[in-house]
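The task is simple: from the sequences and hints, build the whole structure.
Protein sequence lines, in the order shown, are assigned to chains X and F.
All letters in the first sequence, in the order written, are residues 1 to 320 by my numbering.
All letters in the second sequence, in the order written, are residues 1 to 234 by my numbering.
Some clues are possibly wrong.
[Stated by the list, open to error] Listed next, the in silico BS3-like pairs over lysine-lysine satisfying Cα-Cα at most 25 Å (straight line):
1. X:K85 / X:K109
2. F:K8 / X:K191
3. X:K284 / F:K8
4. F:K80 / F:K8
Since the hints were derived computationally from the structure, they do not count as laboratory data.
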Amino acid sequence: MKAFEVINPGVYTMLQDLGRPGYMRYGVPASGASDRFSAQTANLLVGNRPEAAILETALFRLELLALSNLTVAVAGGDLSPSVNKTPFPMWQAVSIQPGDRISFRGRKKGFRAFLAVRGGFSGPRYLGSRSVFSRGLMGNPLRTAEVLETEDSAVHHPFNVPLPLNLIPDFSPRPTLRVILGPQEDRFSPKGLETFLSSEYTVSPQSDRMGYRLEGPRIEHTQGADIISEAIARGAVQVPGDGLPIIMLWDAQVSGGYTKIANVITADHDLLAQTMPGEFLRFKAVTLEEARAALRHQELRLADVKKVISGWAAVSPTYP
Amino acid sequence: MSQWPRIKPSGDRSVLIEFENRIDPGVNRTVRALALTIESEHFPGVQEVLPAYRTLMVTYNPPQIDYPNLTEKIQGWLGKAGDIGLPPQRVFRLPTVYGGPHGPDLDRAAQILHLSPEEVIRIFSRTRFLVYFIGFICGLAYLGGLPENLRVPRLTTPRTIVPGGSVGFAGGQANAIATDQPSGFNYIGRTFVTLYNPEMFPPIPFVAGDEVSFPPVPEEEALRAKGLGAEDFL
Numbered sequence: 001m002k003a004f005e006v007i008n009p010g011v012y013t014m015l016q017d018l019g020r021p022g023y024m025r026y027g028v029p030a031s032g033a034s035d036r037f038s039a040q041t042a043n044l045l046v047g048n049r050p051e052a053a054i055l056e057t058a059l060f061r062l063e064l065l066a067l068s069n070l071t072v073a074v075a076g077g078d079l080s081p082s083v084n085k086t087p088f089p090m091w092q093a094v095s096i097q098p099g100d101r102i103s104f105r106g107r108k109k110g111f112r113a114f115l116a117v118r119g120g121f122s123g124p125r126y127l128g129s130r131s132v133f134s135r136g137l138m139g140n141p142l143r144t145a146e147v148l149e150t151e152d153s154a155v156h157h158p159f160n161v162p163l164p165l166n167l168i169p170d171f172s173p174r175p176t177l178r179v180i181l182g183p184q185e186d187r188f189s190p191k192g193l194e195t196f197l198s199s200e201y202t203v204s205p206q207s208d209r210m211g212y213r214l215e216g217p218r219i220e221h222t223q224g225a226d227i228i229s230e231a232i233a234r235g236a237v238q239v240p241g242d243g244l245p246i247i248m249l250w251d252a253q254v255s256g257g258y259t260k261i262a263n264v265i266t267a268d269h270d271l272l273a274q275t276m277p278g279e280f281l282r283f284k285a286v287t288l289e290e291a292r293a294a295l296r297h298q299e300l301r302l303a304d305v306k307k308v309i310s311g312w313a314a315v316s317p318t319y320p
Numbered sequence: 001m002s003q004w005p006r007i008k009p010s011g012d013r014s015v016l017i018e019f020e021n022r023i024d025p026g027v028n029r030t031v032r033a034l035a036l037t038i039e040s041e042h043f044p045g046v047q048e049v050l051p052a053y054r055t056l057m058v059t060y061n062p063p064q065i066d067y068p069n070l071t072e073k074i075q076g077w078l079g080k081a082g083d084i085g086l087p088p089q090r091v092f093r094l095p096t097v098y099g100g101p102h103g104p105d106l107d108r109a110a111q112i113l114h115l116s117p118e119e120v121i122r123i124f125s126r127t128r129f130l131v132y133f134i135g136f137i138c139g140l141a142y143l144g145g146l147p148e149n150l151r152v153p154r155l156t157t158p159r160t161i162v163p164g165g166s167v168g169f170a171g172g173q174a175n176a177i178a179t180d181q182p183s184g185f186n187y188i189g190r191t192f193v194t195l196y197n198p199e200m201f202p203p204i205p206f207v208a209g210d211e212v213s214f215p216p217v218p219e220e221e222a223l224r225a226k227g228l229g230a231e232d233f234l
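What follows is the structure in structure tokens.
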């Protein structure tokens, strides 16, 4: 079914689902929605499975013309979503008609928004996923006049309950990202480690889904910045010879030869997706046990979203 | 007791196992043997096994297994890895056109090396390169075995785009890039064999441990390989 015509493709707008894990050994990054909680929640709100393809967009400008009767939901950063220039609520399902125009008129909070449509967006799958990764010849960002289609859906009408406020994440503008130190923390001087853990860094304009380049105090190495190339985990904080850290993210190369001082824990990757160039962030070292508890906490929050949407929830969910 | 291997966390869902800190076929063989051993265990919670030159990264699902338990398992697998048989080595011979528009750095590299372009082609194309591992982006094969007399530094300013299939070397390493990419390598030739296709499985033809060579052919013959996969040149 034809869902939308693209009037303005906006900034970095593309289809994403939960990505293609398992292909790093072939040099292919997992990609996938950058803020997984928001993307999955948007899908659940319109009655989709959490792994359906959504539109990921950043900042502002995306404008879409509806071609059918549709149910949509927007979650993630607040980019002032509107229908025919009238603001509509995020984190809840909204019905629209042919001829309606959805636009994102300006960023208020966060950086990236996720638009789900009932049935889920269709589009070619590459290695099992619809996540666009143009550098790997797997689809392209949206183009003007492109028509977006949905899967033919026999999806039931979801219970249209707004999410309780305590399930909606708060994207604070100066996040402190939790990290596990290493694996090459021994290649930095004590002063270098101290710089990394005590300084505030600015996200550089040269940041994208591959990585966030940071500007701020330079981190001192002890014996150079190069290592024999090896696999790079998502969230790795590489420090090349100039001493300025780069956080390797969703579409990052899968191997490289720079020292890695630390790794942002998985539970904080969503937060990073909502931090935009020009904003500030800090790092704090935690233990693997703390990282595991944080991930568990995030999974429980998504489980609570599912309960609320299915109607199977206590009046006041257990979260937080 | 040797200080290798060493096991450490690489974030909250990966373990890094390090072997001797050098690029060496024997060290890489140990890495591959451990990778195959771990994969053959099909252990619940182990997600990806990523061999590199001298390290192996194992990614895992923290709700299913935690770091202390996984490292204990890995200690056991290290003991078993010596017994596993590695797959038979395959040799790919990819027809390559050298020089001219397909090898923009051939003449300059020859000058730096005090060799004629023909000698560079002869030395390079007689080499069987070992695929140490696959990585970077779009299935780049990290090739080892570049002869000592072909050591040229990287370009001072990397090219913003190099066409896929370009074959070259820099700083003791060689590669054939799979898709159009920026690169600072010296490219001396090009193969038109498909080296990456995300609509197929596997998306790239090589596995770690394979060998690749780049026999010189005339342009017309090189172009006939367009649309063919590397498995047609075993």
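Hints versus structure:
1. Among the hinted pairs, X:K85 with X:K109 is consistent with the structure: their alpha-carbon atoms are about 19 Å apart, no more than 25 Å.
2. Restraint check for F:K8 and X:K191: satisfied, since their Cα atoms lie roughly 22 Å apart, inside the 25 Å limit.
3. At roughly 19 Å between alpha-carbon atoms, X:K284 and F:K8 fall within 25 Å of each other, so this suggested pair holds.
4. Only pairs whose Cα atoms come within 25 Å are accepted, and F:K80 paired with F:K8 is accepted, the gap being roughly 20 Å.
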